[in-house]
Amino acid sequence: MKEVFHSVSLIEEKCIGCTKCLMNCPVEAIRIKNGKAVIYDDKCIDCGECIRVCPYGAHVSKGITLNETAGYKVKVLIPSVTLYPQFGQEINPEEVNKALLSLGFDEVFDITFSCDVKAEILRKEIKKVEKPAISTLCPSIIRLIEKDFPSLNDHVVKMLTPIEISAVLIREKYCKMGYKENEIGIFFLTPCPSWITKIKELKYNEKIGFDGAIAISDIYPKLLKVLNKSSNKNYRKISKTGLLWAFSGGQSQAIGMDNFLAVDGIKNAIKLFNDVENGKIKDVDYVEAYACTRGCLGGLFLIENPFNAERIAKKIIANGEFSYKVELHDEFQSKFAREDILKINTKFADDFESAVKMIKNMNKIINMLPGTDCGLCGSPSCRAFAEDVVKGLASLVDCKFIKDGGE
Amino acid sequence: MQELLSIKYDVESGDFIRGGEASSSIKKLLQQLGIKADIIKRICVACYEAEMNIVIHSLGGYIEAKIFNNKIEIVAKDKGPGIENIDLAMKEGYSTAPEYAREMGFGGGMGLPNMKKSCDEFYIESKIGEYTEVRMVVYF
Chain A
1 MKEVFHSVSL
11 IEEKCIGCTK
21 CLMNCPVEAI
31 RIKNGKAVIY
41 DDKCIDCGEC
51 IRVCPYGAHV
61 SKGITLNETA
71 GYKVKVLIPS
81 VTLYPQFGQE
91 INPEEVNKAL
101 LSLGFDEVFD
111 ITFSCDVKAE
121 ILRKEIKKVE
131 KPAISTLCPS
141 IIRLIEKDFP
151 SLNDHVVKML
161 TPIEISAVLI
171 REKYCKMGYK
181 ENEIGIFFLT
191 PCPSWITKIK
201 ELKYNEKIGF
211 DGAIAISDIY
221 PKLLKVLNKS
231 SNKNYRKISK
241 TGLLWAFSGG
251 QSQAIGMDNF
261 LAVDGIKNAI
271 KLFNDVENGK
281 IKDVDYVEAY
291 ACTRGCLGGL
301 FLIENPFNAE
311 RIAKKIIANG
321 EFSYKVELHD
331 EFQSKFARED
341 ILKINTKFAD
351 DFESAVKMIK
361 NMNKIINMLP
371 GTDCGLCGSP
381 SCRAFAEDVV
391 KGLASLVDCK
401 FIKDGGE
Chain B
408 MQELLSIKYD
418 VESGDFIRGG
428 EASSSIKKLL
438 QQLGIKADII
448 KRICVACYEA
458 EMNIVIHSLG
468 GYIEAKIFNN
478 KIEIVAKDKG
488 PGIENIDLAM
498 KEGYSTAPEY
508 AREMGFGGGM
518 GLPNMKKSCD
528 EFYIESKIGE
538 YTEVRMVVYF
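As they're listed, the protein sequences go chains A and B. Numbering of the first sequence is given in our numbering, commencing with residue 1 and proceeding in unit increments. Numbering of the second sequence is given in our numbering, commencing with residue 408 and proceeding in unit increments.
Read the hints as simulated data drawn from the structure, not as lab findings. Some hints could be false.
[Claimed, not checked] The list that follows gives simulated cross-link-like pairs (lysine-lysine, BS3-like), each with its CA atoms no further than 30 Å apart: (1) B:K523 to A:K282; (2) A:K280 to A:K75; (3) A:K271 to B:K435; (4) A:K347 to A:K357; (5) A:K391 to A:K347; (6) B:K523 to A:K347; (7) A:K280 to B:K534; (8) A:K173 to A:K207; (9) A:K128 to B:K435; (10) B:K534 to A:K360; (11) B:K478 to A:K347; (12) A:K364 to A:K400; (13) A:K36 to A:K364; (14) B:K415 to B:K478; (15) B:K443 to A:K131; (16) B:K486 to A:K360; (17) B:K524 to A:K271; (18) B:K486 to A:K343; (19) A:K240 to A:K173; (20) A:K360 to B:K478; (21) A:K73 to A:K207; (22) A:K124 to A:K207; (23) B:K473 to A:K403; (24) B:K473 to A:K391; (25) B:K486 to B:K415; (26) B:K443 to A:K43; (27) A:K364 to B:K443; (28) A:K158 to B:K443.
[What the hints assert, rightly or not] Computed from the model, here is a short list of chain A residues facing chain B with C-beta under 8 Å: (29) K280; (30) K343; (31) K347; (32) K360.
[Stated by the list, open to error] Among the chain B residues that face chain A by a calculated CB cut under 7 Å, a handful are: (33) L411; (34) L412; (35) K415; (36) G427; (37) S430; (38) S431; (39) Q438; (40) Q439.
C-beta: ideal position from N, C-alpha, C; glycine also.
For reference, chain B alone in the conformation it holds in the complex:
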């Protein structure tokens, strides 16, 4: 399946103020494409969690939205500490978010499980001390 369109958004580490802008832009893009509201909502939730993960845990990264005929693929890749134990990180309630982020209501340990629940396909890859890459697919 051929990729029709791809848009990339940089996400800065620690920028809680602008964190969420990539998700909002992707939402608008999907509305302009005429994607159904319930599907957009699932993508929004997954994308926002991924974006905030980059803000909270990494040294910065990007979100890329790739549009295909029948699906959207969201790639969220960061530079940073990586995830030591992915299985553990996928458990609900498990969190490594720093105290300050938890005080802001983030880091409830639902991020990755929620992302997985919201999309049709979910892939995660990480190398300690280097990067984390999440790939999420939602079919239209």
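Bound-form chain A, shown alone:
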């Protein structure tokens, strides 16, 4: 089985053991042990909700710094499309790319090209999977499906995201120009921790091979200093349809799909996936899903309020004068195909009978617990606590309110 990577972690000294993250983690991946938060790797999907809610700044996810991009002969930066509406007003996205270039990169790749490529292929790929097709740019959503909804694999579009497509194209281009693999540095400027994790994982992917992710919030102050905000707002070299991919609903608009659902927020996504699994979502062609509110513009490393950013994004899109005309080659489709999703095991035990025993035990324990989900035991709910006990991760005595019949 492939290794599962994470980027969200805890600075122990800052954690005081409050229950904010415990209670807000949408996948119950956090416990409080000995007065400190502990993240269970097998449950965490790197959505960053704990970072959002922690009042003490104890949860973090860190990308690499600009200095750490040194050591490559050629350095290429792929900015997320969410970057362009982060400046409080509509600006010319070409100016943003110019400013990024001046921070020490050899090329700032236009990701809107990859968005247009993806849109073109996506229209066909949607028809190859079960209805509703699920397409997501969001690594946290993918991890959620892998972990809790593996049966939805047949619905997931088997295609790389524009971010990964960009990396494939860049590597190909510079290899052709004679650069060696290890001389090319490819970096993603990310709006969220979820992509920091994904890029870490892709470092070891031969086809895609990223070299690091930089958080937008890290680069932002430097960018503000060199950005020309006052230039003509119209632009001709960046695709307006590509910019649609920044917010929830944009993908569907980009591919001209009407009969779609765009769901954002992990809890909303969980509810929707449950409905899809039950066969309740029938007449829908396409589902876009995002961990963050309003899609990628809700990313944790972004500066602008996501709702305002969406307003600004739409204004920028309206000033655009072109989209890439992508001619589809068969070779494209195979080049940008993605493997099936991983199926991450959530089973209790390797053999069936031990698992049955554990579940019986767990149900017995649940009946002894008060059902108030107070969190004092360090688990986020009585149900989660019972599961922890049978897995040997917690002890029954940790519950202060256990009903008679408990040991």
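Following the hints, position chain B against chain A.
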């Protein structure tokens, strides 16, 4: 074959909001047992249809999941009007769902046929004015 584990969920009549919770719980249970995803999906679809049938047509009932070494048996039993003509009810497109349920997208008349398609064994029994009981078996 000995029954290893059985869990029962009450299903309330007319509760469209919580309808589906039994199916979701059973899904989670099967994941914890390590059952394959494609099999879980079939069980999910059958179980959800059965659960919603109780919500829509009956006065209330229960869903029981019985786990055996090699299979799951789902029993969905309700108190209610029963089914007058089972053969007719098993036909695709035939529905007795009330208008309000159809407006919500239920009652397309695919419930029982879909349930039968999703599982390996399907048994249905009903007494007019008393109850309906569906038993579904899926082998692991």
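Against the earlier hints, flag every one the structure doesn't satisfy and list their numbers going up. Of the numbered hints, 2, 10, 18 and 35 do not hold.
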